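The listed protein sequences derive, respectively, from chains A and B.
If you're matching positions, the first sequence starts at 61 in our numbering and goes up one per residue.
If you're matching positions, the second sequence starts at 3 in our numbering and goes up one per residue.
Just to be clear, a hint being listed does not mean it is correct.
Dumping the calculated SDA-like pairs for lysine to any residue here, alpha-carbon to alpha-carbon at most 20 Å [unchecked claim]: (1) B:409 x B:324; (2) A:129 x B:341; (3) B:312 x B:422; (4) B:115 x A:328; (5) B:409 x A:130; (6) B:312 x A:226; (7) B:334 x B:80; (8) B:103 x B:42; (9) A:129 x B:330; (10) B:171 x B:104; (11) B:330 x B:420; (12) B:334 x A:132; (13) A:137 x B:342; (14) B:290 x B:415; (15) B:290 x A:257; (16) B:104 x B:142; (17) B:334 x B:103; (18) B:409 x A:273; (19) B:334 x A:136; (20) A:137 x B:415; (21) B:334 x A:295; (22) A:210 x B:115; (23) B:330 x A:134; (24) B:204 x B:103; (25) B:171 x B:216; (26) B:104 x B:36; (27) A:295 x A:273.
Just so you know, the hints here were simulated from the structure itself, not pulled from any lab data.
Here the structure is a predicted model, which means the values were calculated and not measured.
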Amino acid sequence: MDQIILQILNGLDKGSAYALIALGLTLIFGTLGVVNFAHGALFMLGAFCAVTFQRLLTLSYTFLDESQKDFLGNPLKVNVPYVNDWFGPEAGASIIDWSVPLAILFAIPVMIVIGIVMERGLIRHFYKRPHADQILVTFGLAIVLQEIIKYYFGANQIPTPAPQAMFGSFDFGALVGRDPGAIIYPYWRIVYFLFAALLIALVFAFLQFTTFGMVVRAGMADRETVGLLGINIDKRFTIMFGVAAAVAGLAGVMYTPIVSPNYHMGMDFLVISFVVVVVGGMGSLPGAILAGFMLGILESFASMREVIEFLPGINQVVIYLAAIVILLTRPRGLMGRRGVMEE
Amino acid sequence: MAHLKSTRRGVLAGGAAVGAGLALPTIVQAQSYLNEPTGPSVILGFNVPQTGPYADEGADELRAYELAVSHLNGDGDGGMTGTFTVGGSKNALTGSGILGKKVEYVTGDTQTKPDAARASARSMIEKDGAIMITGGSSSGVAVAVQALCQEAGIIFMAGLTHSNDTTGKDKKANGFRHFFNSYMSGAALAPILADNYGTDRKAYHLTADYNWGYTTEEAVRTSTEAKGWETVAAVKTPLAQTDFSSYIAPVLNSGADVLVLNHYGGNMVNSLTSAVQFGLRDAQANGKNFEIIVPLYSRLMAKGAGANVKGIFGSTNWHWSLQDEGSKAFVKSFGTRYGFPPSQAAHTCYVQTMLYAQAAEMAGTFNPCGIVEALEGMEFDGLGNGPTLYRAEDHQCFKDVLVVKGKENPTSEFDLLEIVEVTPAAQVTYDASIFGGELGSCNPGA
């Protein structure tokens with residue numbers, strides 16, 4: 061039982077990342093009709109917003125410490141972050157310690173701008189082209205983006221730890237009446253799940269309860285009619301592309317303490333996220349969320365030792381097997397709508 | 003006075019004899035060995051990962067090769083050419099290239115993919131005329147390129163490759179490895195682990211699902227079980243895995259009190275990060291502190307894992323903090339040129355280049371069979387690992403192995419590991435036949 065609870069928890073945080081990326085993918089597909097293979101790269105760019113912000117906060121001046129030697133026997137160069145001078149050593153250290161959550165504020169405008177530039181600069185030229193062209197150009201864009209990141213940040217992973225206050229794990233078992241120590245779960249993964257839930261709620265609230273969101277939903281349902289009403293739906297869809305980029309970016313920012321980022325991390329999520337979108341139902345936002353969490357939990361269970369011993373290799377194919385089963389029984393996915401991608 | 007009487011038959015026979023005599027050196031030369039250098043320079047092929055997940059390690063290898071080339075050509079401070087001894091005598095490297103020929107080089111990108119690595123090695127051999135191929139950061143690549151070099155008739159001086167197979171079941175006469183292997187890691191680590199954590203331990207292995215992972219798991223299992231440890235479980239993890247939470251989460255309730263991460267590179271960074279996040283470092287199991295072990299460390303990996311490596315044991319081929327004269331000379335030379343200390347990958351690549359050059363000088367030829375003969379059984383010192391033997395039976399170097407631990411209070415981004423023990427070569431030496439394979443005979447390629 062403890063193992064089952066543990067794997068459900070694992071699946072929830074993994075599913076959170078899948079759901080957030082799939083949500084952005086579905087927003088872009090639902091509004092602009094574009095199959096965006098660069099969406100994983102947006103997740104990766106978000107993670108590197110956290111890295112960049114951390115580096116900005118740790119911008120330092122250097123002084124030579126004669127009392128210490130470097131590896132060549134020369135006086136050691138000691139770096140002192142400017143924030144330590146501006147706010148005092150303790151406050152400066154705290155600001156740097158909280159760099160990942162603070163990077164959210166940095167990432168939102170950066171990712172929206174990246175999204176809008178991407179859409180206006182490249183993707184809009186492919187709206188009327190076949191999906192295969194869209195896939196090729198966005199996949200090419202993803203490779204270009206990741207090579208740029210590798211050029212500037214290197215190929216190695218860059219540690220971006222969670223704040224000390226959220227480091228380590230807590231005894232979830234004791235909280236739910238199980239044996240103490242039976243279910244240990246990291247604080248940050250709970251934070252990630254709650255953050256994802258909040259972000260998903262905000263996106264839905266934005267679409268549901270604002271005039272802007274209402275127009276966007278109307279445009280998703282019938283773009284032509286909304287246009288005939290004199291509403292510049294293209295402009296709103298461009299902004300939605302920016303919003304989707306920000307959602308993927310924020311998912312990346314908060315994911316950095318879970319897996320240290322490198323240039324390739326977007327590709328690791330891309331294929332699975334597309335499976336999530338298809339399983340959820342093309343164009344269905346609730347479907348993307350549901351499928352994200354469902355496949356995340358399924359993947360966690362398939363990674364259990366007992367399951368692998370019984371079915372070797374199942375951990376590597378379970379998501380795709382589930383997709384096959386669901387698409388055979390429900391060809392439009394879990395919550396897919398009639399007519400989407402069926403022409 | 004005798005008259006020389008020339009006949010038609012005599013002229014033809016004489017002409018044929020003179021022609022054959024003149025052509026003989028050319029015929030012999032053309033048939034002696036592949037890519038024999040005929041001009042004033044010799045070309046070495048550096049096949050390293052320039053793209054892909056190990057690109058940073060490849061960049062460090064390339065820096066070391068460039069440094070080695072400049073030292074061989076007499077530029078710079080000479081690095082380890084000043085400390086390198088063979089059979090107790092000074093080396094034959096004079097700073098005038100190799101066998102009087104200036105050393106030039108070409109580079110290839112392995113991409114850490116065996117197919118790509120073979121293609122780039124083949125290109126360097128066939129198009130650029132490389133006389134020797136060296137480098138790489140993966141056992142899969144090393145085994146593939148080594149086989150290619152054997153077929154082509156070129157010497158392969160392996161870079162970073164840790165699988166037993168490279169000089170075990172897949173060994174080749176034209177291939178040589180300076181880097182240590184999984185067996186040696188296990189043999190060096192087990193006594194230290196028993197001393198620090200006791201002999202009554204239960205281990206849980208997470209193993210990368212490919213050749214290197216298997217040989218490392220086997221080596222660590224065998225050596226720790228010989229010390230009294232029990233292996234509770236061994237779970238294979240996909241090579242492409244990034245989030246290891248679903249593999250780490252069950253460990254605490256498995257009855258194990260030690261987690262062995264048979265992972266390298268990004269796998270190791272991610273699995274160790276997950277293990278620390280799940281509180282394994284602070285946990286108790288079976289009335290003992292829970293411990294984590296990383297059999298193969300590299301500084302670049304430790305950098306990626308950050309503070310998570312603190313206090314965790316592992317092994318390494320070489321570390322820049324060693325205080326022998328060879329290591330100090332290399333660190334000074336590399337650090338002055340590039341501004342930071344070299345990695346173990348850089349070290350092994352530099353050393354392999356020096357060893358090749360020395361072998362050529364000893365053999366008096368670049369002929370692969372001459373090089374093989376010179377390297378087999380070579381005993382040398384002053385290259386950073388203490389007295390070392392290039393064993394003739396499997397072309398594996400036998401030298402001291404370092405057991406290291408993640409440093410608690412690093413002073414810089416390079417100061418991440420501390421040396422716990424230098425395990426003597428005798429303790430990690432094994433019978434050459436235990437891993438099978440056949441060396442075969444050297445192939446000069448012509």
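Hint-by-hint comparison with the structure:
no.	hint	result
1	B:409 x B:324	holds (15 Å)
2	A:129 x B:341	holds (14 Å)
3	B:312 x B:422	holds (13 Å)
4	B:115 x A:328	holds (18 Å)
5	B:409 x A:130	holds (16 Å)
6	B:312 x A:226	holds (19 Å)
7	B:334 x B:80	holds (11 Å)
8	B:103 x B:42	holds (5 Å)
9	A:129 x B:330	holds (15 Å)
10	B:171 x B:104	violated (36 Å)
11	B:330 x B:420	holds (16 Å)
12	B:334 x A:132	holds (6 Å)
13	A:137 x B:342	holds (12 Å)
14	B:290 x B:415	violated (32 Å)
15	B:290 x A:257	violated (38 Å)
16	B:104 x B:142	violated (32 Å)
17	B:334 x B:103	violated (27 Å)
18	B:409 x A:273	violated (53 Å)
19	B:334 x A:136	holds (15 Å)
20	A:137 x B:415	holds (12 Å)
21	B:334 x A:295	violated (60 Å)
22	A:210 x B:115	holds (18 Å)
23	B:330 x A:134	holds (14 Å)
24	B:204 x B:103	violated (57 Å)
25	B:171 x B:216	holds (14 Å)
26	B:104 x B:36	holds (18 Å)
27	A:295 x A:273	holds (13 Å)
This entry does not satisfy hints 10, 14, 15, 16, 17, 18, 21, 24, going by the numbered hints stated previously.
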